[in-house]
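Okay, here's what each chain looks like letter by letter:
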Amino acid sequence: MDGMAVLIAAALGFGLVSLGLLLWSLNSSQYDDLDGAASRILLDDAADDV
Amino acid sequence: MDSVAAAPMGDYGAFVRTEPGGASTIDVAVKGAHCANCLGKIESGVKAIVGVTDARLNLSTGRLHVAWRANPAVPKAVLERLSALGYQAAPFEAAASLQADAREGRDLLRYLAVAGFGTVFVVGLTDAVWYGGGDMSAATRNLFFGLAAAISVPVSLFAAQPFFGSAMKALAKRQTNMDVPISLAILLSLALSLYQTAIHAQHTYFDAAVMLAFLLLIGRYLDFRLRDRARSAAQHLVTLQSVLARRLKANGDIETVAARELVAGDRVLLAVGERVPADGTLEEPTEADISLITGESMPVALGAGATLLAGSIVVGRPVVLRATARVENSLVADLARLLEAGQQTRSVYVRLADRAARAYVPFVTVASLLVFAGWIAFAAPLSTALTNAIAVLIITCPCALGLAVPAVQIVATGRLFERGVFVKSGDALERLAEVDTAVFDKTGTLTLGTPVLENGADISGATLEAAARLARGSRHPLARALAAAAGAGPAETGLREVAGCGLESTVDGKITRLGNAAWCGMEGVAQGGELWFRDGDAPPVRFLFRDHIHPETRATLADLAARHIAIEMLTGDHAQPAARIAAQAGILHWQADVGPKDKAARMQALRAQGHRVLMVGDGINDAGALALAHVSIAPGSAADVSQHAADLVLRGNSMAPIVEAVDVARKARRLVLQNFAFAAVYNIAAIPLAAFGLVTPLIAALAMAASSLVVTLNALRLARRAG
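Protein chains in written order, with this note's numbering: chain A, -12 to 37; chain B, 7 to 729.
Treat the hints as calculated values from the structure; they're not laboratory data.
Here a beta-carbon is modelled for each residue, glycine too, at the ideal position from N, C-alpha and C.
Any given hint might turn out to be false.
[Claimed, not checked] Derived coverage of chain B by chain A (criterion: at least 3 residues anywhere in the stretch with Cβ under 8 Å from a Cβ of chain A; other residues may be distant): (1) 40 to 47; (2) 64 to 72; (3) 109 to 120.
In isolation and in its complexed conformation, chain B is listed as follows (with noise of 0.2 Å):
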């Protein structure tokens, strides 16, 4: 019966590169390599494969880089020999996106090495001159000054461009943002500095220029590596899970296409424990788990020409589906239109960072033009007034505050990430620790997703463990379950698998049945979740099945709940098994028989009451409603859909990290609100000195470099306080 599972993999076509020198390149994730002896393993075994001139495994991004010559067996060879070796892999898709972020961060990196270079250089020379200033001849201090003119400048013009970018972006769009002041702080600094080498004062301000641009770039790089870090890894589980679809050609051969390439019509290959990945009609019949889609625990059972739902796991029998054109009212359409709805209202969220920006620059800009017409206004020469209103802007750029907010959030992500929590965006954290109202859904999310025998206790041991011996030749998921209750032993051999009914074995002329209720004689009492059993002339025996709470569902709720975070749960399953989980896990509000919009309407409906909402799901039902959440979380087996719509991923199926993830988000967020206001108490000090004109580059420098000392350790504190 697995003969059309067994058929060979295609040729990858949609995933291969060709490079310009007639090489071929694939890029594949592989899962659970972390070790030297993995990469050994895995690099040695893919070489040895007949034309592969290179692959090379990046151990940090799970990624495996092959080139080949000449054969064009190459991917699905290395894909098997992966499998061989141990190690789930899949194939990446040639996504331009990808190398524009390796593009980013490299540009960041040199950057940031060029005004670290820079930065030793210049306050070398200018520091000797203010610790030297009296010792120091006139002619000493002028090339020195001019030596350190003729690095700052090109350097500081050269590694700031990131913030002048920003900066012009926002001018352009009558905006102001944080790399406002920044910009100007360096130009002008420069600027004023350059006046002052040119009629030899004794004060420059070289130094504070290119010591700003590398201070602001270690945050911003810091910023680039949480994006970066989150959306591989987020990437990662998605090419895994994704999304490959076995096409059957016209001539009957195999090949192997991304899930989105497939048009009405197309006929696909689905093996057991496939995932869906296309609306289509079943050409045999076959049972499906569809609670990804609708919540239902229990398999389904579906008949030749029935509508299977991206999303679904074959668990019957390997099938044909013929894909269908996703019409516009179809189940698909109407999550894309919520998936919209829920990233408009998302947009509107102002980031911590921003909110502070825009009281901050027309505060600074407005102090430092007052402190100019006051020099002006006591009749202070021209160069004093603009000397000490621009030495207001540079010992108020935001130095803090641009490493404030990702340095707390690059600890707090890399705490979390150990814990298997993946954060996709900076924002969510800080949207997280808000959070005062849990929604749960519950096939998958508070409960384990796989059926469990029920009525164990109701049944002899003997009769369970003949059950079993039917049950451990199949691979159907109540089979399974029944082989599980009754643990290991032997099979039957000579099994027969009857599609659609059950299992059947006849031994000494006696026949033994497993499967549904019409399989075993008993017509009219099927109720679903269920294996009937007989034996010979001996009464059918009922297996009862139900899906069970997660063993961590009660627990993390109650820690939720003593964070003063309301618990609801809606489900897409009935009322009876949606009211016993409920009651297990003890939830008090909860629905039942809700749809992916209703759903999304109690989203709104709770948003509306003024509640900020944590949503918590994993089938493609739950998707709009976790795209319009506040902040929304898919445990790791979740649909893609669903991970993509959600702001973090957890690695496994396990709720319990969720309280971790609360506790890091508010005590990052308290964190930077510390650091808000460490840098507002420093400004504020800072303000009067410079502008009397008391502030000389040396205490400049001095106090720039050590507030970012400080805002940085306050966010390393989040990092030595994990438990």
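Isolated chain A (complex conformation) (with noise of 0.2 Å):
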């Protein structure tokens, strides 16, 4: 019973921060363009100082 509620207890924690970091990606606009983010990875850092 103990190790149950300790489970449930983790379970519901890990839930709840991966909720929290979804909203959070959510919030900040990492949704908003998802082409462009494929397409981003492929430049180099070094392009944007250019």
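Once you've looked at the hints, go ahead and assemble the two chains, each given alone in its own frame, into the complex.
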């Protein structure tokens, strides 16, 4: 019974953390341009500074 | 002669937003950026402009966001840089509606995320009870139910807000929609489960409440994405084609403004190839392509003081236009009235899903009331009667219906999007599937909209080449057509262009001229759609030009006819060219010299005869008919008022995608009806089970998930059959 309580609490904790991360990524516009994100990874970092 | 056209652009003040921190920003629509290479080139190119602090291109929407400080010349520099890099670009207007749309999408995703989280946990907790029920102690079960309650109550109440809001709105208007039974099912299953938990019963419906919200939010989000993507694509097109005007200030400065900010008396600079932003009178003579307004296929010559209507394209030489007021009986005012009339008839159309909801809501409500009454009549305890009545509501909850339509439509519009067809709304597809008559405009729709040399066979190669040497130096459409007919070659140097007459060059004392009949010494024989060429003292030669039919037109019309769609052509052009194009395209029913009002009247006549009409047209004179038709399509080159009025917008000028659009719309309709039939059968089978108390929460949850899956998979068949 004790083990189960710990497991449930841990699972809930993980779930809430991942939900929080998802909401954070939503709020910081990370899903607004999926095509751009896929292409941006191909660019050299230096290109930004040219 | 290009000094007017090359005058510097102004300040773009209407498009610039000032941010709280003192920075300025502008959003620019960029055409043709699709790869990492473009992205890097554009962003680094724009960032190199002095003062720019940030440049970020959204590759999904094609929108470039630029922020800068302390350099008012930035917007102009950005647009020039983009043009130098080879991308067509235009600034977006700072509209508030866009931000509202973005917020709606983000809110829906947030609800979806929370509902997904809740579903995973609540199903985990309650399913453990269903599967392990026998071995589980009552204390553990109560703990699990208590935890499920603690998660599902706040999650459902938060995530189901879109349904509650829409249901309240409908109820306030004394109507019902699909969201009324959805809200009822969610609220009642929560209430019933809380009661069951309180009395330590064996069954609760917490999982049903969160799962309902989750699955239905998926449908809602798909629906939003469909509308959003189509809307932003259409807006992108319109922005790229707009509607900027270069206004001459009193002190001679030039400023760039949105066309609708022009007022009567403003002087506007018009470059060659520019679309006229507002009605006005010319200060100098020029030639204009007025095909978008009247359907006339050849450019017309206009003298100083002549009226030029918005939507014409200047082809002669750069001029200054004095804007005139838009009076009540002007063409534009007429069109506005026609558009309004069309939108009113359009709004009468009831979407398939709403028609299903009208039948469905009373049926389900009555069924659950009957179940409740039945159990009471057979002397069952109140709680049993209530439980079973609510079970009926939960299991018949329109999960499948809520997904049935958006799932099919998002797949259908996605497939059409790839073929270059933007569908502006989901019900446009439903209407397109019902079409039995198609009415086409001629110029620019069935035809290429550009002149082609007609009598090339009668002219010797040497004469053609001699004339082309002159023509290559001009941007006049007829001269371009002549140059195109002759192919690549050298251009004459030392050309003189005489406005309203033509071109002249002098080589070794011999004068050669290319232009209108009078310019080449042929008085009184002018017909229009022709160029004359005179080489020294030799007799002048006539070059005839005609608008040609698009190479794909005939096949497209034949394909439509094979789909039992009757074809008609309505054009504002004269009878003779209309007859020629109709014969080439294989059209039997056509009318020429048809004005905008007559086109709209024809739409209403066809509608009165019970026809479902598809209107295809690009001109300003088509806009009223486009709005009045059952469903309408505009090519990408259409005037923006026509693109606004049309339900579907094609990316290019080929009509071929229309056939595919009709096919996809019909298949989509078939799949939607299949999904409805499936949902009906499922509900008819499930209601008796629920009514007799045979549906446990586990069965309810499985049935709900399975029916949604079936409906979604059925929708995906549309994507897989893509040829």
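Hint by hint, work out which the structure violates, then give me just those numbers in ascending order.
none
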